[in-house]
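Put together the whole structure using the sequences plus the hints.
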Amino acid sequence: MRSFEQHLNEFHQRDVEVVAISVDSPAESQKLCQSRGYKFPFLSDPKAETIRQYGVLHAKGGEGGKDIARPAEFLVDAAGTIRWVNLTDDIRVRARPESVLAAIDRL
Amino acid sequence: MKRRRNILIWAGFAVVLIALVSYIPVFALFPATRDVPWATYLLFLIGSALIAAGVRRAFRDPERNRGKISGSILAALSALLIALFVASVTYYSKQIPSAEAALGVSQKAPPFVLADIAGNEISSSDLLRNHRGLVLVFYRGYW
Numbered sequence: 001m002r003s004f005e006q007h008l009n010e011f012h013q014r015d016v017e018v019v020a021i022s023v024d025s026p027a028e029s030q031k032l033c034q035s036r037g038y039k040f041p042f043l044s045d046p047k048a049e050t051i052r053q054y055g056v057l058h059a060k061g062g063e064g065g066k067d068i069a070r071p072a073e074f075l076v077d078a079a080g081t082i083r084w085v086n087l088t089d090d091i092r093v094r095a096r097p098e099s100v101l102a103a104i105d106r107l
Numbered sequence: 001m002k003r004r005r006n007i008l009i010w011a012g013f014a015v016v017l018i019a020l021v022s023y024i025p026v027f028a029l030f031p032a033t034r035d036v037p038w039a040t041y042l043l044f045l046i047g048s049a050l051i052a053a054g055v056r057r058a059f060r061d062p063e064r065n066r067g068k069i070s071g072s073i074l075a076a077l078s079a080l081l082i083a084l085f086v087a088s089v090t091y092y093s094k095q096i097p098s099a100e101a102a103l104g105v106s107q108k109a110p111p112f113v114l115a116d117i118a119g120n121e122i123s124s125s126d127l128l129r130n131h132r133g134l135v136l137v138f139y140r141g142y143w
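Residue numbers (my numbering), protein chains in the order written: chain L, 1 to 107; chain Z, 1 to 143.
Source of the hints: derived by calculation from the structure; they are not laboratory data.
Heads up, a few of these hints could be off.
Claimed, not checked - Result set (DMTMM-like, lysine to aspartate or glutamate): computed pairs, CA atoms no more than 20 Å apart in a straight line: (1) Z:K94 - L:E63; (2) Z:K108 - L:D77; (3) L:K31 - Z:D116; (4) L:K60 - Z:E100; (5) L:K47 - Z:D116; (6) Z:K108 - L:E49; (7) Z:K94 - L:D67; (8) L:K39 - Z:E121; (9) Z:K94 - L:D89; (10) L:K39 - Z:D126; (11) L:K31 - Z:E121; (12) L:K39 - Z:D116; (13) L:K47 - Z:E121; (14) Z:K94 - L:D90.
What the hints assert, rightly or not - Cβ pair distances, simulated, as ranges: (15) Z:N130 - L:D105: 16 to 26 Å; (16) L:E10 - Z:K108: 21 to 31 Å; (17) Z:I24 - L:L8: 19 to 29 Å; (18) Z:A83 - L:E10: 33 to 43 Å; (19) L:M1 - Z:N120: 13 to 23 Å; (20) L:D67 - Z:Y41: 27 to 37 Å; (21) L:A102 - Z:A101: 20 to 30 Å; (22) Z:A32 - L:D67: 28 to 38 Å; (23) L:D105 - Z:D35: 14 to 24 Å; (24) L:Q53 - Z:Y92: 23 to 33 Å; (25) L:H7 - Z:Y91: 28 to 38 Å.
Backbone N, C-alpha and C define an ideal beta-carbon position, used for all residues, glycine too.
In structure tokens:
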């Protein structure tokens, strides 16, 4: 998240928006964005519906057996087609913005 | 002869502790030290070497060096902490379901309408109308 924030200008230069999605409520995400200084949209999917549709549900992965998202990154083009996907098998290891930017430049 | 305090043991234990607690606030911030935590492992190695040297001199020359008991306890504690860290990065952080169900390249991205931090409904179709593309970053959340 932090590395996407640091590269936000490079995404915006390419006219690509970065959007974060989790089951967190808007209020929780607002706290996060304020404390970490994130300026791209954080969207709330409390029932994990969108998360389920993208196939990145981590059933009962949260506190008290709550359904949450597994970490994943998708690049979607203007026609609404997925053009690049990153699915980690380790919650510590996330996509590096550089590789997403490279995928955008290949579009 | 007064036995001297075995500083190596305590310094080594301090290095191990620093290695452990610095991972999340420092090294995990940078992909280069996060994905493979080599900096943390290096600190563990330095700390362990200091403790080992301290324990060695405590047992070899106990007339002059203290630390036979404290050194053994701190060595065992360090080994435990290091094992805990290794287990966390090699096992616990990989306990996520497989991504078999995930959508793949060239599939349609399901449209969505979700609330942003101000409670405004944001739709993917609006976002795509105004931009050349979208990067969707799904994350576990902080609940």
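Checked hints:
1. Z:K94 - L:E63: Roughly 17 Å between the alpha carbons, so the hint for K94 (chain Z) and E63 (chain L) holds.
2. Z:K108 - L:D77: 10 Å, holds
3. L:K31 - Z:D116: 12 Å, holds
4. L:K60 - Z:E100: 17 Å, holds
5. L:K47 - Z:D116: 15 Å, holds
6. Z:K108 - L:E49: Roughly 16 Å separates the two Cα atoms, so the pair holds.
7. Z:K94 - L:D67: Status holds; Cα separation ~17 Å.
8. L:K39 - Z:E121: 17 Å, holds
9. Z:K94 - L:D89: 6 Å, holds
10. L:K39 - Z:D126: 18 Å, holds
11. L:K31 - Z:E121: 18 Å, holds
12. L:K39 - Z:D116: 12 Å, holds
13. L:K47 - Z:E121: This hinted pair holds, its Cα atoms lying about 15 Å apart.
14. Z:K94 - L:D90: 4 Å, holds
15. Z:N130 - L:D105: 16 to 26 Å: Given range 16 to 26 Å: holds, Cβ gap about 20 Å.
16. L:E10 - Z:K108: 21 to 31 Å: 27 Å, holds
17. Z:I24 - L:L8: 19 to 29 Å: Between I24 (chain Z) and L8 (chain L), where Cβ atoms are some 23 Å apart, the hint holds.
18. Z:A83 - L:E10: 33 to 43 Å: With a Cβ separation near 40 Å, A83 (chain Z) and E10 (chain L) satisfy 33 to 43 Å, so the hint holds.
19. L:M1 - Z:N120: 13 to 23 Å: 20 Å, holds
20. L:D67 - Z:Y41: 27 to 37 Å: For Y41 (chain Z) against D67 (chain L), whose Cβ atoms are near 34 Å apart, the range 27 to 37 Å holds.
21. L:A102 - Z:A101: 20 to 30 Å: 26 Å, holds
22. Z:A32 - L:D67: 28 to 38 Å: 33 Å, holds
23. L:D105 - Z:D35: 14 to 24 Å: Distance hint for D105 (chain L), D35 (chain Z) holds at roughly 23 Å.
24. L:Q53 - Z:Y92: 23 to 33 Å: Roughly 28 Å apart at Cβ, these two residues keep to the hinted range, so it holds.
25. L:H7 - Z:Y91: 28 to 38 Å: 31 Å Cβ-Cβ, so the 28 to 38 Å window holds.
Checked against the numbered hints given earlier, the structure satisfies every one of them.
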